[in-house]
Structures are given as C-alpha cells and as structure tokens.
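J.: Listed below are the residues making up each chain.
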Amino acid sequence: MECRVLSIQSHVVRGYVGNKSASFPLQVLGFEVDSINSVQFSNHTGYSHWKGQVLTADELHVLYEGIKLNNVHHYDYVLTGYSRDTSFLEMVVDIIQELKRANPSLVYGKCSDAAYVPENLHPVYKNKVVPVADIITPNQFEAELLTGKNISTEKEAVEVMDLLHAMGPDTVVITSSDLPSRLGDQFLVSLGSQRTVHPDGSRSTQRVRMDVPKVDAVFVGTGDLFAAMLLAWTHHYPNDLKTACEKTFSVMHHVIQRTISYAHELAGPGRRPSPPQLELRMVQSKADIEDPAIVMRATVIS
Amino acid sequence: MECRVLSIQSHVVRGYVGNKSASFPLQVLGFEVDSINSVQFSNHTGYSHWKGQVLTADELHVLYEGIKLNNVHHYDYVLTGYSRDTSFLEMVVDIIQELKRANPSLVYVCDPVLGDHGSMVCWHEHNHTQTHKCQFFTEVMDLLHAMGPDTVVITSSDLPSRLGDQFLVSLGSQRTVHPDGSRSTQRVRMDVPKVDAVFVGTGDLFAAMLLAWTHHYPNDLKTACEKTFSVMHHVIQRTISYAHELAGPGRRPSPPQLELRMVQSKADIEDPAIVMRATVIS
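Chains as they are written, first to last, in the numbering used here: chain A, 105 to 406; chain B, 762 to 1043.
Hints may contain errors.
Said to hold, decoys possible - No farther apart than 27 Å at their CA atoms in a straight line, the calculated lysine-lysine pairs in the DSSO-like style are these:
no.	chain 1	residue 1	chain 2	residue 2
1	A	259	A	230
2	B	955	B	1027
3	B	894	B	812
4	B	894	B	861
5	A	155	B	894
6	B	812	A	172
7	A	155	B	829
8	A	204	B	812
9	A	259	A	172
10	A	155	B	983
11	A	172	A	155
12	B	861	B	829
13	A	390	B	894
14	A	318	A	390
15	B	894	B	955
16	A	253	A	318
17	A	259	A	346
18	B	894	B	829
Honestly, the hints are just simulated from the structure, not real lab data.
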C-alpha cells in the first residue's frame, strides 16, 4: 500500500494528542505520515501545567514551501485537528486547496474541535474549512453549530448530516450524541452518513447508527485518534461505512478500555485518575490498532 | 514493559531522520517515547531544498520545565542526536544531569555525530589513508569507556574485513562493573555488508535500536549487536530495492527516493531475523 497522509496537528512532548495520537496508529497500519507540528507543547492543556511554542501561519507556509520546492507535495489524505488561530487555519485551507489541485482525488479529513475554539473561528470553519473537507467527525454540539439545526431525534440527525453533506464532506460521522440508546443509559448514540456519487450521476447515501458504551472519564486525544482511524478504515472500506465505523469504533473501545484499566491501577482504589495517568495506552494497543476485534455492530438506517 | 525514553532530536515533516527515525521503531517495540523536536524542517538537508525552524536553548528549557512542573520528568533512557548549537547542547547536558539525579539508573544513549572519515576530530588525530589495526580500536573503545559510557559501538571503521572489500567492520565494547567491584569487558566485532548509497537517518535508527536491544539484552552485547545490525540490514535492503525501483534502471536514486522504508519494515523491527553474527574478541 502506498498511501501518504499529511497531518497538520499539535505535537506534545509527552502523551497522545494531535500528531502524537494520529501518527503512530496510521504508521502501524502502513500509511506514510508526513507531519507538520502546529505547536510543540510539553503536554496537553488538561494537565496542571503546560508550556511550549506555537507555529505561526508564516512558519507553516515556509515548511510547506520546502516540501513543494522538492516536488514531493503529493498526498492522498490530509488530516487536521485543533487550531486556535484564524490566520493559521486560513493558511491550512490554502495549502489544502493547492494540494487538491495537485491531486484532485485527495481526501481531507477534519476532526472535531469546534467546541473548544474561540467563537471568532466558527465562521472560518463553517465557510472555509468544512467546504473543502471530505470527511468530518463533529460531535452533536458541533454538528448543530455548523448547521444551525437542533438534533433531538434520529430523523433530525439524518437531516443535519444531509445539510453537512451539502456543505462539502461526503463522509460525516457524528461521534457522540445525547439521543437515547435502545441499549440503555450506559450507551450513547453515534451516527454516520456517506454520500456516493455514481458514474451515471445518481447519488446514494449509506447511513449507520451505533450504540457506544459510555466511559466515566475525560480523555484527551481520542478525537484525534478517531479521525485518524476513520481515515484508515474508510480507505480500506471506501464504499462500506458500516464496516469502516465498526472497525473505527472498535479500536477506540479497545484503546479506551486498556487506558482506563491502567489509569485506575495507577490511581489506586477509590481515586479518580489524573490527566497524566489517563494518557492513552497507545503503544500497548498496537495489536488492536492493526486488527481490531469488532465489538460493536453498526445498524444501517434509512 | 514500562520503559520511557526522552528523545531530543530533529523533526522533519517528510522522511526519516532524528525523531522521525527513532520514535516509530521504539514505539513498535513497546517503549513510551517522549519527544522534544530540536528543529522542524520540511525534510533532511540532503534534498535540493530544505526549510524550517530551529528550537533555541531557552525554548528547550521551557518545554522541559513544563514536564518537570507536572512531575513527569522520569525517564529510563535519554536519546540525543545531531546538534549544531553549543548552547543547545549545553542545555541538553544540564537536562540530562538533572534527569540522572531524579533517576540514577537512567541510561543516556548518545550518537556523537561528529563527522566521518576525518572531516571532524573528536580527541584523536585520524588519517583516513592509514589502515588501523583492531588493537587500535580496542584501545579507542577503552579510552571512550574511561570518559564515561559503559557501552561503545563503533558503527563503521576502515579495518579490513575477513569477508572481503564488500564488507566493513564494526566493533562494540561493553564494560560491566560487578557487585564485588571487579570489571569485565565484552568486546565484539561484526562484518557488515557495504551498501552503495548514501542514507540519511540510519545513524538515528541505529542508536534507537541499540537502545532497545541493549535494554532487552543488558549483559549480552553480542546478541544486542546482532539484533541491531540485522534490523539495520533489513531496513536498508528494503529501502535500496524500492529506491532502485523508483529511480529506474541505470539511474542513481535521489534523496526522496532513498528515504528509509520505515513503516514497511515494521515486522523486521519487531523481530529481526539475525543475518549476521558478532564475533567475541578479546
């Protein structure tokens, strides 16, 4: 498999968020990953302390120029994550548009983070980023924010996903929602929608729904891992969102379960694990990343 | 295995040098790798063009401070590579000394990256037209032990190989201090096939893999070297085959084409088939 991903995300010295969360699993699955670190921090911002440096839009452009001058700016996928800087985000969009001209079949996957960014960035996401995206992974809040429409039923979720398709991306996964799960309140509902345009010009949409076990902990980096794994599994199952979602959600489950067990072991009985203790057990999950045992089924919905 | 490495090396957007070369293989072998990127460049400096930014000694210190403030500055290994900045290197040394106080059994793996074939000198005059004898290298390694490190690997030398001129000789020496205070030194020699290409990032991969295999074989330099040199061989062979395929017949591969086939070599990294034997020497 010769598949090259450009990932523009944060770097943390310690832990698993951004590029640290996305690179290793993609490499383990055989993807070549070129990574531009948008920041370099000691650790993620959920710890008591964090320190580091950010990349400016100009510095990002300089790095991209280096790649372009060597004529190696050919990518199959671009993956981006969190950004808090308008000019940086706009530079990212410029780069992606140029890469898409170099390779029209390039797929741009954008992971969710709109909930954490300042309000002034919302228009940039809505008007510039989402329109060039091919895969997006918003949570319910972000999906509602982007479309201006509420989700209180599965039917409304489908309408919101159709609105998101109309904005650009052919693949939309609402990673979590507060829709009631038929399996009870220990589960949350995720939904996915993939629109395909056929050679004759007709369109079809595959929609799926998953009931995902809730976990009583706050994880950081799981969204970045999810987007990376959805990229990988939609690559291997381009016309089968059901299977791509089952693989992706299953690998998330294995990593999260391993992480939470270890975190509780470190914290001791009756104590809530700390952010350092809750870092994803990424390298320990290599086998699950390579070949995730399917532990939840997606239901195809109309 | 709970083993945490702090790796302070370069980052390139594309390709495999520095941290890009060291992190993936160590993670594949189950090591936790914390990485401080000393620079971020588009690619290594052997390409026609390269662009990027460097980390200053102060910025390095700030990152380390963040780790320390969270009380997570506990490492089993530190790995460093190339640096062109005195103040940066001095900050690295300060950090390592502090980490060693926090964990006295920390092991610092250092690739001195001073040059090759006499282009830069460490402490000893080296005339590259003179063929050295094995005993010279044994003395060199003992002198290096006396300077600090208990494990020394001379990755390549101009000693003649008994297997002919398509091979180069590498040597290793590991000094152990026993509980009764006595010392012993295991020395090994390997004949390594030469490859007609210039690779970048292989030294960084070598240091990372030597870290991993001496970790698993702490008192057996022979096996650690066999594993390390074997994985290098597999990665290099895969890389050169692919590079020639890309370049086409009769053409020398370019730097982008010669990037190490790292992700494709995962199985070899995890469990390298031994393809060369180390000879124990006195």
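J.: Is it true that the CA of residue 861 of chain B sits at most 27 Å from the CA of residue 829 of chain B?
T.: It holds: about 13 Å lies between the C-alpha atoms, which stays within 27 Å.
J.: Checking one constraint from the list: CA of residue 390 of chain A to CA of residue 894 of chain B, max 27 Å. Satisfied?
T.: violated, 46 Å
J.: Would you check the hint for residue 259 of chain A and residue 346 of chain A, treating anything up to 27 Å between C-alpha atoms as holding?
T.: Holds, at about 18 Å.
J.: Within a Cα-Cα threshold of 27 Å, do residue 318 of chain A and residue 390 of chain A meet the stated pairing?
T.: Distance of about 23 Å is within 27 Å: holds.
J.: Are the Cα positions of residue 259 of chain A and residue 172 of chain A separated by 27 Å at most?
T.: Given pair residue 259 of chain A, residue 172 of chain A is violated - Cα atoms ~45 Å apart, limit 27 Å.
J.: For the pair supplied as a hint, residue 894 of chain B and residue 829 of chain B, is the alpha-carbon distance within the 27 Å limit?
T.: violated, 47 Å
J.: Does residue 894 of chain B pair with residue 861 of chain B here, judged by a C-alpha cut-off of 27 Å?
T.: violated, 36 Å
J.: Taken at face value, is the distance from the CA of residue 155 of chain A to the CA of residue 172 of chain A at most 27 Å?
T.: With a Cα-Cα distance of about 31 Å, the restraint between residue 172 of chain A and residue 155 of chain A is violated, given a limit of 27 Å.
J.: Check whether the Cα positions of residue 155 of chain A and residue 829 of chain B lie no farther apart than 27 Å.
T.: This hinted pair holds, its Cα atoms lying about 10 Å apart.
J.: Does the alpha-carbon distance linking residue 955 of chain B and residue 1027 of chain B stay inside the 27 Å limit?
T.: holds, 23 Å
J.: Is residue 253 of chain A within 27 Å of residue 318 of chain A, Cα to Cα?
T.: The given pair, whose Cα atoms are some 25 Å apart, holds under the 27 Å limit.
J.: Against the 27 Å threshold, does the CA-CA distance of residue 204 of chain A and residue 812 of chain B hold or violate the hint?
T.: holds, 22 Å
Hint violations for this structure: numbers 3, 4, 5, 9, 10, 11, 13, 18, all remaining hints satisfied.
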